[in-house]
Every structure is written in structure tokens, then in C-alpha cells.
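Enquirer: Single-letter residue listing:
Number of protein chains: 2
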Amino acid sequence: MALSLQLDRQSSVPLARQIQIHIERLIREKYLAPGVKLPATRELALALGVNRTTVALAYEELVAGGQARAHVGQGTFVAAPAAGESRPAPPTPARIPLDWSRLFSRSAHMAGSRADRRAAVPAGARPLISFAEGTPDSGMFPTDAFRRVLNQVVKSEGTALLQYPPGGDGYPSLRTYLATYLLRFGVEAREDDILVVNGSQQGFDLIARTFIDPGDVVAMEQPTYPRAIDVFRSAGAQIVPVPWDREGPSADALEQVLMRHRPKLFYCQPTAHNPTGLTMTPEAARRVLDVVARHHVPVVEDGFDGSLYYGERRPFPLRALDRDGLVLYIGTFSKVLFPGLRLGWLVAPPPVVERLRAAKQLADLGTSPLIQAAVHRFCERRLLDRHVARIGREYDRRRSTLLEALGRHMPEGVSWTEPRGGFSLLVTLPAGCDATGLLPRALRRGVGFTPGARFFVDGSGDRTARLSFSSVPVKRIEDGVKRLAEALADWRRSGGPRPAPERLEALVV
Amino acid sequence: MALSLQLDRQSSVPLARQIQIHIERLIREKYLAPGVKLPATRELALALGVNRTTVALAYEELVAGGQARAHVGQGTFVAAPAAGESRPAPPTPARIPLDWSRLFSRSAHMAGSRADRRAAVPAGARPLISFAEGTPDSGMFPTDAFRRVLNQVVKSEGTALLQYPPGGDGYPSLRTYLATYLLRFGVEAREDDILVVNGSQQGFDLIARTFIDPGDVVAMEQPTYPRAIDVFRSAGAQIVPVPWDREGPSADALEQVLMRHRPKLFYCQPTAHNPTGLTMTPEAARRVLDVVARHHVPVVEDGFDGSLYYGERRPFPLRALDRDGLVLYIGTFSKVLFPGLRLGWLVAPPPVVERLRAAKQLADLGTSPLIQAAVHRFCERRLLDRHVARIGREYDRRRSTLLEALGRHMPEGVSWTEPRGGFSLLVTLPAGCDATGLLPRALRRGVGFTPGARFFVDGSGDRTARLSFSSVPVKRIEDGVKRLAEALADWRRSGGPRPAPERLEALVV
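Taken in sequence, the protein lines are chains A and B.
Sequential numbering of the first sequence, starting at 1, is according to the numbering used here.
Sequential numbering of the second sequence, starting at 1, is according to the numbering used here.
Careful, some of the hints might be misleading.
Any copy, or any two copies together, can satisfy a pair, since identical chains are not distinguished.
With a straight-line Cα cutoff of 20 Å, these simulated DMTMM-like cross-link-like pairs (lysine to aspartate or glutamate) come out [said to hold, decoys possible]:
(1) K475 / D213
(2) K155 / E394
(3) K37 / E24
(4) K155 / D252
(5) K155 / D144
These are calculated hints, taken from the structure and not from any lab test.
Since the model is a prediction, treat every value here as computed from it, not as a measurement.
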């Protein structure tokens, strides 16, 4: 490590003292964290063009003052702050405090600065059983198998993979693999119709950039995935909801919306709906496709991954039934493999792929070829297929266990969806009970969930709660549901005046 | 592999024939690529709910027709198309051809569908010496050392790293490392002031989203990095140039622009300027900072990486000299390490980081924790420092060799910049000679470069050409410059009527 300091050689303050003062400030203001090793005296002396003893003198003063500690033979390290000194110092005041908010774009104002934060679990509560995490269970990750293929691809073609991505569309072999993979789901796509992206989130974002001008309308199924709502909203779109019935988004309601609002796009998740876990029936899918074809409105199909379905037959994505080339399909490896790779893909007709590719290049010059090559090799060796078979069975067990437990323990007036795909279901609470108000009681009882309002476009959904079963081991599910029933009983007993709302959103995915 | 086919059990067409027709179409229309293995008969029979012999019959017909090949004990594979059959079939016609362009956003129209393509090298030309690639030399990549740390981090914490990124800001240890690393350059940033992004390209993009509304003005140094121009332009900004003189962007011109156009931001690359390789002098930097402070205009500083400098003293980034908190700093691992990781960072004041973080979450939920952890370990073990020392010396040699060769071989009327940082320099051709016109002649002589016009905001720069020395081995540089001199002589002889323009842009970085 080296430090770049600006010394004033004209000053009457000795150079050693200047160095000491500078490093003291860096430590006090937390630019140098406790434990960080200071540069070797020789190195810093060279960098600053001063005598080595000058630096040594400065370090001795720092050690004497308790800001640093010298370890013989190892060097000088930033000391931990003494008790009572641990609060960060205010940053150096700027000469002109700039009013940044005046400079932010409309999109930034719409996006806000919201960061999902985990609600604090009350002190003394039981260890949490959380139905709030809509993530794959990392306990089942095939980490070691992936480590091996990653090691192999770096060995065999690492140098090429670590250079700039040669084109914006993605690693060709991965796209070839995906073209064949998608045929399982009845989705016909050539390699050139596929664009690799950083997870489905980037898919939403590139579609929003490519289609949405401020003031445009986007029709969205309701309930739906909140992070998709956020993206379209921050692009300046007005969101109009199309309610789900048992079979899928209502085609009649959709047609009303298309006629009245002339949206640019219709967004839905037909095969593994988040939060309900429902799957559109083929009949409902055909009705939806008929309506959008009549009104010439493209569909953004968030495909999650059709591999995780619970039932006899894999559902057909809309893209497989679409005869009019109106469906833009988004897929992801985040649910069936590793979310931490940030890897997904878009399937779209040629004129759209061309624009999405240009948007992708502007956004980040392309997805890491290394990650793509590793996932390709993992898939090609059928390791993904084996993994999905294994986790599919386990998620199915968790789902069934949750459904049985709900049937056994939920009081009158509570209903829920029966998932056919995905990681979660949606509970509707008794009239008068709202999920945000129930949450603190539930946390005290040691159970977490995601209040459903976030999944509704129009401010409704207060009475709903998403329970994700993907991350809760089978043997804890029933206990979690019992606790939820206890929390509901608490609520009934207290007659409903609700405590201050808390959030347990962590990362809503 | 499985295939999802929709069979019509009411049809008079036998099921085997339906399967055959379907697969024939998938092959003909290139959804199934040559060499792809068809599903095992048992597997497909199960998936379709038909008898295994039905599938076997369909496969026999495909083999008989030449569309597939059976390998005993291995399975049935898609055959390579017979000669004359190799052009792709037209896609299935849509019932309603949708006019997609009518639906694209203004931003998509501004971004266009430009994809940088490599210009064809004329047949019979000498093997190309290309000064067009502004990329680090992958021949010097520390691939194997990186493979080892990658393997170690997956072993030690892979499961956590492969889950969703826990927050949008980045892997905490990497940000802690960066905070200390940046002190070398005099940049003071706390861990919380740093946001990890997917390369500097995503940095530009997040800044553009956060600050730019259509119609806003962005002041940019000229010449400058074209992909930064593209991002601000596609966000709807009007770009106003501020010319570089020998010392940096002219403070007087900047002040005129700030007064006349009131831009939201000023963008520049002070320490390793692309394309010129120049470095702002400390005096010029102070003048620029004074001007922006007086006019309350934030600076977007594209830091490239201050580690790659050619001279006695590492230049100070603007961020290190800024006393007013007006500089947003973008850094990247793409030049000093691996571009294929897509890893960079932003440093900004707290209210700005908060907005940028929200924009990053909307864009992709965060950068892969795995990549960040691997790079952190690589840095922490001082492998980056050792690597940079090594490549810095080599790039310096290439730079000196290029400068000497230009001095020796360029005719009267040609001038060039003397790089102090970065990967390239900018040549100005004799009056009347334009670089786009010169390029085909140069390619015929076996030398490539990037015409400079792309680096100019206002359509000027026709007479300039960027020569990147980063990817050309020392022993080929002089030969490349001789060829360029030959191409100039060709141009002079032909009296200047120029052939149709060609581009050798590949990936302009």
C-alpha cells in the first residue's frame, strides 16, 4: 500500500508532523480502517520524496498517540479506536454545500432512495422461522460441482474469457445451449434471438429503456413481482393493474385496460407466479394471447423458470403458444441455479433483440463471459438437469408440507393459493386484519413473512401475505405455521389496534 | 434434453408422423442446431405421454430423410444440412406483423441499433498489425493466479457468494480494500461512499439515469471516450464540448459553457485520457475545479486507473484535489486487471451514493458477489500490485517504442500527443487527409487504427486517428508505423480522392 499525501514544503510545519497530521485525520475520519497496515516507511518515503527517518518519526508519534500500533517485523497498523471515540467524525465540510437533490433526474426521484432493509426481530423473540426469503435454498447449492467447472473453464479458455466480451449478445455456446434448452418448454428461439443479461432484473430494465417513455402506460397483472413494478415506474410509466383470477390474468379485464389505456406493454408471470405460485391455464393463456393480438400489444413474459413446477405436466409458457411473435420472454438462472451469478436471458423477435442489444452495450458492455462459460459447461454436462430434479422434489415437499400445515392450523377466514410453480403462495387474512400490522406480532412469535401490499399495483392487498417455502426446511414449516396462527390469535385477542408497522422485506425476490 | 411438442390426438395424422414433422421443422428453421442430441426415445415418450415405439418410428423417419443420424449406443443427433440447404429458413410468419419501431422509446431511437463491427480486412492484405484495440493485452493476463484465488473463494465461502447479493452496494471487504487503495491516489473515500458496479460503463449509465432528463445539457471534454458520449446522448442529453489544450480541458472554455448552457454535469478523464493519453496538469486541474465550484456543477471523473502512468509522479485525480465534494469518481478493474470480469466502482458524496445505489438495484440487483470476492482476494494478496508493476513497465516500453517510431517514420505535417497515462495516443494527419478515408488504404498495407471522429462530440476530428499501443508487442510496433507511413504515401500519391469509408472499430474502449 502507498499513500498519496500533499506536503507543503514551504510550510514552517515540519514534514514529519505534516505526515502525522494527515494520517491522524485519515484514521479519525475513517478513511483508514482499524487493522489496515500503513505503508512501509521506505515505500512511503520514496513515494513522498522525503527521508525515511521523516516517515519513521511520524509513525512513532502515531504509535505514541495510540492511533497506530507497531508490530516488530510486521509493520505499523491502524489501531482500534479507544472506547468513547468510536463514532465517525463528520466529513470535511465542503466550501459550498451543493443541493444535490435539485440535480436529480425525474427517474431518480421516482426510484427514490429506497433500500430494502431487514426489520429488527424484537429482543427475546424465538429464533425466526422466515417465510420472507423468496430465494432458492443455498443449503442445496451445487457449489462444489460449480467450482470444478469454473476451474476447468478458466484453465482451458480463461484468457479469452477475461478479455472484453467480443459482442454484446453473450457467449455463443451458452446461447446455443439455451436455444435447445428452451425447446423443452416449447419455446422456439434461435441463438440470435437470445440476449444474455445480468439476471431477469436487467431484462426488465432493458425492456423498460427500449419501450417506455415517461407517461406511457404499462399494464401489469396483479398481484405481481414488485421489482418489475419498480422498474417500469422509475422509467416514468403509469401502471394499470389487470387482476388475476383462478386461471390467470382476466382476459376481459385485460381487454378493458387495453382499450381504455392503450398500454405499450403487458407484463405477467404465467408459469410460476410470484407471489401466488399459480400457473396460467392453457385456456386462459390462449384468451390472453387473443386479446393482445387483437390490440397489437406485446407481452413481457417473466418466465422465472418452468423447470420448477409442481404437478403432472410442465406448463407451457405464453411464448410457446404465441403465434404472432408478440411475446418477449425473460428467463433466469437465479431460481434453478445461483442468484449470485446474476445471469439470465431475453428472447425476442429480431428487431427487438437488436435494440435490446444496443441498450445492453450502453448499460454495461455485456455480461461477464467467464460466468457464462462456466454456466454453459455446467449445463452441458447435465449438472443443471440433475440439480433441478433434486431441488424440484425438495421444493415440492416443502410446498405440500406448507399447504397441509395451513389446512391444519389456520383459523376460519384465512385462505391461500395452491402453488403449481415457483417458491411461494399468497395468504389472504381475515377481514379487518392487515399483514403489515400482523408482522410485528408474528416476529415476536418467531415467524416472518412478506406483507402482500408490495405485490399490488393499486395500493390494495393489505390483507395478503406472501409465504415463501423455498428456504424453510420441511421440519420447521409446521412450527412456523403454528406460530403464524398464534400471531393471528394475538391479533384477535387484542381486538386489532395495530402496533407501528415494521417491515421484513430483506431482499424481496 | 426434452422437447415440448403439442400433439393433436384428434388429428388423422399419426402421432409418430406429427413428431417427425415437428422435429423436421425445428431442424429446418435452425431451432435445433446440427450436432445437437435428440432426447432419448424413452424420455421423449414419457414427456409426451406416447408409446416409446412411436418416438422411435419418428426418429427412424428422420434418419431415413437425412435430417438426423443415429449412433449406436449414443443416441440420435441432428445431422449437418446437405450442401445447398444451409441457408436459414424464414421464421414462421406472424399473423399480424407488428411494427415494433412504432413502440420504441425515444431513448431507444437515440441509442439506435448500432453495434460496433469489425471492418473486413481486404483479401490478400498482410497480416494485420492493429493499433485499433484499446484493450489490455490478454497475453499478459495473470489468468492462472486468478484461477487459484477464484477456486479458493468458492471453496471457502462459495455458497454465500452464490446467493443473492445481500445489499446493493457491493461486497464489503472489496469496498474496504478500495477505500485504502484509493488513498494511494489521494482519493479519500469511506467504504460507504463506494458503490461497486459492472465496469465503468455501468458507472456512466447509473450517473446518467440519476442526473439526466431529456433536454438536459452535459458538458464533455473534447476529444473524449465515445461510449460515455453514447450513454449521455441516449439519456436525452445535449452534449456541449469543452476542448482540451496541452494541459487539460480549457478552464476558460469550460466557464463559457457553464455560463451559456448551464449543464447538469461536466465529464472528463484527467489522468489517462482516451484517446490522447494526456494527463491534466495540477494547475489545469485546480483551474477546472475553481470554475465548477463557482458554478456549482458536479464533475464526472472517469478515472480509468491512475496506476498506469508513464512518468515520475503519479498524477492526482481531480477527486483528490476537490475541496467542495463536487467530483463523482469512476474507477475500473478493466484496464489493470481483467475487462471480462466487468468490475468497477463509483465514489460519490452520501446523498448521491444513495441514489446511485437505488438505480443499481433497479438495473440488476447488484454485481456478482463471487467476482467481487475473487478480485478482493487477488488484491489483498498484493497480486494486483505485482501485476500492475509488471504491465506498467511493458506498456511504458510499447509507448516509448511507438513515440520513437512515429518520430522516425511519420512525414511532415503529422503530429501526435505524448501519452502520460492510458493505452493510446492521438495522431493528427496532414491537412486534407481524413482518417476514415485513410483506413482502407492502411488495412491494405496491413495496419489498423481507430478513426478519431468518434471521439469528438461536434463532428470534428476527421483528421485524427487513435493509435493504441496496449495490445501491440514491442517488436511489431515499428513495422506497424512504417505501414501507416506507406498508407499516407499512398494517399498523397492518389491525390486524396477517398474510397468508400470502412470502419475498424471492433470494440472501441
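Enquirer: Given identical chains, is K155 near D252, meaning Cα to Cα at most 20 Å, within a copy, between copies, both, or neither?
Expert: neither (56 Å within a copy, 53 Å between copies)
Enquirer: Are the CA atoms of K155 and D144 at most 20 Å apart within a copy, between copies, both, or neither?
Expert: both (17 Å within a copy, 7 Å between copies)
Enquirer: Taking 20 Å as the upper bound on the Cα-Cα distance, should K37 and E24 be classified as within, between, both, or neither?
Expert: within (14 Å within a copy, 66 Å between copies)
Enquirer: Up to 20 Å between alpha-carbons, please classify K155 paired with E394: within, between, both or neither.
Expert: neither (34 Å within a copy, 24 Å between copies)
Enquirer: Within a copy, between copies, both or neither: where do K475 and D213 come within 20 Å Cα-Cα?
Expert: For K475 and D213, the Cα distance exceeds 20 Å both inside one copy (49 Å) and across copies (52 Å).
Consistency note: the structure conflicts with the earlier hints numbered 1, 2 and 4.
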